[in-house]
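Student: From first to last, the protein sequence lines are chains A and B. Residues 1 to 230 (my numbering) are what the first sequence spells out, left to right. Residues 231 to 772 (my numbering) are what the second sequence spells out, left to right.
Each hint should be verified, as a subset may be incorrect.
[As the list claims (entries may be wrong)] List of simulated lysine to aspartate or glutamate pairs, EDC-like, C-alpha gap at most 16 Å:
(1) B:Lys-651 / B:Asp-715
(2) B:Lys-752 / A:Glu-97
(3) A:Lys-128 / B:Asp-510
(4) A:Lys-108 / A:Asp-120
The hints are simulated quantities; they were obtained by calculation from the structure and are not laboratory data.
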Amino acid sequence: MIFFSKYKHLASIIFIILFATLSNFWIFQIFEYNFLVGELLIIETSLLFLLTLFKKNKAIEILLFLSLISLSYILLVNHYDKGIFSASTIESIQIQERQQYYAHELNKIYKNRIGIFYFDNLRLVFGKISNNFFSALDLNFYFSQAPLIDYGKYSLFFAPLLIIGLLSLLTTLHKFHIIYFFAALSINAFIKLDSKLDSLVMFPLISLCIAIGFIKSLKIIKENILSRKI
Amino acid sequence: MNKLLQVSSVILILIIAFCLRFYNLNSIPAGLHADGASQGYNAFSLLNTSLDRYGQSLPILFRAFGYYQPPLYTYLTIIPVAFFGNSPYSARFISALSGLILIIVTYLLVLILLNKKRGRFLLAGISALTVAIAPWAIFFSRLTVEANLGLLLLVSSLLLFVYSLQKIRFLPIAGFVLGISTHAYYSERLISVIFLPLFILIFKSYFLKFKKWVVFALLLFFITQIPHLVILKSGAFAQRFNQVSSFNHTSGIYPQITGISKIILNNYLIYYSPKNLFFDSDSSLGRTMPGLSVFYNWLLIPFLTGIWWLLKNKSHQFAKVILLLIVLTPLPAAFTDDFFYPLRTLDFLWTLSIVIAVGLLQLYNLIKFNPLKIFLSGSFLLYSLFSLYISYFILFKYEKAESYGYAYIKLMDKLSKYSDKQIVIDSARDSGIGVRLAYLNNYPPREIQNELSPQIKTPYYSGVINTDEVYSINNLTIKPLSFADACQENMIMVGDILSISPKQAEEHKLKLEFEVYDLSGKIALFGYSTHPKSTCPIKSKL
Numbered sequence: 001m002i003f004f005s006k007y008k009h010l011a012s013i014i015f016i017i018l019f020a021t022l023s024n025f026w027i028f029q030i031f032e033y034n035f036l037v038g039e040l041l042i043i044e045t046s047l048l049f050l051l052t053l054f055k056k057n058k059a060i061e062i063l064l065f066l067s068l069i070s071l072s073y074i075l076l077v078n079h080y081d082k083g084i085f086s087a088s089t090i091e092s093i094q095i096q097e098r099q100q101y102y103a104h105e106l107n108k109i110y111k112n113r114i115g116i117f118y119f120d121n122l123r124l125v126f127g128k129i130s131n132n133f134f135s136a137l138d139l140n141f142y143f144s145q146a147p148l149i150d151y152g153k154y155s156l157f158f159a160p161l162l163i164i165g166l167l168s169l170l171t172t173l174h175k176f177h178i179i180y181f182f183a184a185l186s187i188n189a190f191i192k193l194d195s196k197l198d199s200l201v202m203f204p205l206i207s208l209c210i211a212i213g214f215i216k217s218l219k220i221i222k223e224n225i226l227s228r229k230i
Numbered sequence: 231m232n233k234l235l236q237v238s239s240v241i242l243i244l245i246i247a248f249c250l251r252f253y254n255l256n257s258i259p260a261g262l263h264a265d266g267a268s269q270g271y272n273a274f275s276l277l278n279t280s281l282d283r284y285g286q287s288l289p290i291l292f293r294a295f296g297y298y299q300p301p302l303y304t305y306l307t308i309i310p311v312a313f314f315g316n317s318p319y320s321a322r323f324i325s326a327l328s329g330l331i332l333i334i335v336t337y338l339l340v341l342i343l344l345n346k347k348r349g350r351f352l353l354a355g356i357s358a359l360t361v362a363i364a365p366w367a368i369f370f371s372r373l374t375v376e377a378n379l380g381l382l383l384l385v386s387s388l389l390l391f392v393y394s395l396q397k398i399r400f401l402p403i404a405g406f407v408l409g410i411s412t413h414a415y416y417s418e419r420l421i422s423v424i425f426l427p428l429f430i431l432i433f434k435s436y437f438l439k440f441k442k443w444v445v446f447a448l449l450l451f452f453i454t455q456i457p458h459l460v461i462l463k464s465g466a467f468a469q470r471f472n473q474v475s476s477f478n479h480t481s482g483i484y485p486q487i488t489g490i491s492k493i494i495l496n497n498y499l500i501y502y503s504p505k506n507l508f509f510d511s512d513s514s515l516g517r518t519m520p521g522l523s524v525f526y527n528w529l530l531i532p533f534l535t536g537i538w539w540l541l542k543n544k545s546h547q548f549a550k551v552i553l554l555l556i557v558l559t560p561l562p563a564a565f566t567d568d569f570f571y572p573l574r575t576l577d578f579l580w581t582l583s584i585v586i587a588v589g590l591l592q593l594y595n596l597i598k599f600n601p602l603k604i605f606l607s608g609s610f611l612l613y614s615l616f617s618l619y620i621s622y623f624i625l626f627k628y629e630k631a632e633s634y635g636y637a638y639i640k641l642m643d644k645l646s647k648y649s650d651k652q653i654v655i656d657s658a659r660d661s662g663i664g665v666r667l668a669y670l671n672n673y674p675p676r677e678i679q680n681e682l683s684p685q686i687k688t689p690y691y692s693g694v695i696n697t698d699e700v701y702s703i704n705n706l707t708i709k710p711l712s713f714a715d716a717c718q719e720n721m722i723m724v725g726d727i728l729s730i731s732p733k734q735a736e737e738h739k740l741k742l743e744f745e746v747y748d749l750s751g752k753i754a755l756f757g758y759s760t761h762p763k764s765t766c767p768i769k770s771k772l
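The task is simple: from the sequences and hints, build the whole structure.
Tutor: Here's what the structure looks like:
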């Protein structure tokens with residue numbers, strides 16, 4: 001990536017990684033919860049960042065893979081969402097109501113073993129997994145500044161940086177970024193954390209996008225504003 | 231792609247789209263929403279008297295329950311009302327038809343935007359299919375919403391603008407259609423005034439060669455805005471915006487400028503959140519259906535692929551126009567206070583459908599083995615249609631019947647037995663009951679005009695609109711219920727559990743005459759007869 005050419009110096013790299021990972025409240029809440037998880041997330045952010053600099057590097061890929069496995073293990077062992085395969089009272093009432101609608105409208109398509117299994121069980125489980133999966137893709141969850149909501153992981157100032165970084169990253173995508181993205185979402189689909197920590201597996205990617213957005217913005221300012229002749 | 235295949239693909243897509251939009255349109259959604267009833271009755275009134283239900287001649291905006299409805303939809307609804315009579319079908323017809331025509335316009339627009347590029351027919355077909363089966367498109371096409379007509383006009387003007395890059399004489403028509411779209415829905419007012427100069431700016435090197443045509447187009451656009459200028463100072467023009475705008479938060483906990491900026495940025499982000507676009511199902515009105523969001527969740531991958539392709543090809547005319555729309559179209563909704571309100575962003579959702587179509591094409595081209603292409607495309611299409619059928623044609627129909635006033639339509643059957651009694655129906659929580667019953671009963675517009683015009687407390691075009699209207703339709707009186715009515719002889723009081731609780735019924739010696747069930751099987755309305763002789767002593771205690 002051309003815009004990284006000036007940032008190949010170690011000091012710049014360290015500064016950007018520190019900026020991306022530590023300039024938010026979220027990481028400190030994660031450290032408070034589990035220091036090891038916080039460390040792993042910072043390591044993953046750094047590795048993802050290095051991967052954007054050095055496109056092909058087996059060592060980085062292996063390290064990233066190992067850290068992701070470790071993080072998944074910790075989260076799945078300690079925070080596996082036990083509610084995925086069982087129905088709450090409200091869900092049970094809803095299922096009972098819907099049974100009548102399905103029976104009336106679908107008749108034999110519903111009234112058989114496969115139909116009942118699909119509509120009464122599978123749809124619910126699939127819905128819960130999808131809910132967890134997509135909950136990590138809520139931009140407002142990371143930036144919400146609504147006064148009555150206790151979350152808002154990053155300052156709203158970072159939102160434009162995230163968008164710029166994300167768009168920039170999309171144009172120069174490394175296959176490991178894609179793998180990491182879907183792996184993180186998949187892990188998130190099966191774990192349940194409280195609202196302060198929810199979707200923490202996305203921390204490295206979001207921090208990476210903010211870092212790239214920051215660099216890209218500096219470049220835009222430098223090229224379009226500072227370089228203009230007065 | 232040979233011509234026969236192209237034409238048959240488009241016809242097949244249109245048949246699918248037609249079925250999804252017009253199948254059981256009269257009964258799904260079950261009932262008729264207050265806004266739809268208002269538009270339907272105004273159309274009926276205009277057809278018969280050339281006046282709206284308040285007796286206003288050819289309104290620029292239609293006064294309704296505490297706000298104004300943009301006029302174009304109501305004027306066009308005169309045609310289905312004249313042909314099919316007063317029914318939910320007639321009220322929804324223009325929206326469904328707009329949704330259908332939108333598919334043809336989308337197909338043509340993509341063809342013209344890609345101008346001689348390879349694969350343009352395939353992309354145009356995929357775009358048309360994406361719009362044809364998109365949950366948002368079907369959901370809003372089956373509701374009486376002006377936004378769908380607004381979207382059609384905006385996309386049509388876009389088609390003309392893009393075509394004007396090849397034949398400049400289409401530019402003035404494009405300006406005119408864009409101007410007309412501002413009379414169809416509120417979002418188009420903001421989008422059009424930003425879009426028009428930006429489009430000219432993006433292609434300035436071309437338009438500079440045709441300055442006269444540009445001026446002519448701007449002039450035509452301006453002419454279409456004259457009705458808005460007429461009512462600009464009345465308070466009616468900005469009344470809806472004042473109701474829903476984020477700028478209402480200018481005091482209290484929000485410091486003025488930073489507070490508003492944060493709200494707008496927050497709201498803007500809401501519309502880009504994949505969670506809201508591909509997963510969150512929220513069956514409240516103006517949003518989506520149970521179990522489905524505005525797009526099928528598997529479309530997340532084509533969406534990201536489409537964005538990636540557009541960024542890679544951002545210098546291309548197609549990418550420029552789509553990227554401009556992606557940035558621009560969520561703006562009107564970002565300025566309002568509601569959380570993720572798709573109704574206000576149909577233009578944005580349409581744009582995203584094109585992005586998804588681009589992504590689908592890229593993924594389709596990745597697969598080299600033709601039978602696998604057909605198998606995967608067919609599987610995803612069937613899965614999508616199956617999800618849609620379950621969510622919309624079953625769950626939405628039953629679970630949302632209450633929001634569309636289904637019980638009040640069923641009530642009419644019950645009330646036919648009580649033609650010798652005075653009936654009071656509570657309208658405290660739904661100000662659309664009166665106009666809904668007037669519309670579905672073909673109640674003469676002159677009678678309604680005579681009743682409603684004296685009840686207007688402010689000028690017809692005003693920033694303040696009273697909502698406490700009382701409707702009298704034959705032996706029905708529709709008004710907020712008062713237990714003083716329990717002292718009237720020969721009367722039936724109708725309301726839901728919040729209007730008349732069992733305890734209140736007992737207290738006022740009301741006798742249960744009938745119950746009206748909702749489509750879900752729950753009791754929605756109760757009808758009680760009054761017994762003033764035993765009730766009136768209690769009256770003094772109230």
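Student: Looking back at the hints listed earlier, which ones does the structure fail to meet?
Tutor: Structure breaks no hint.
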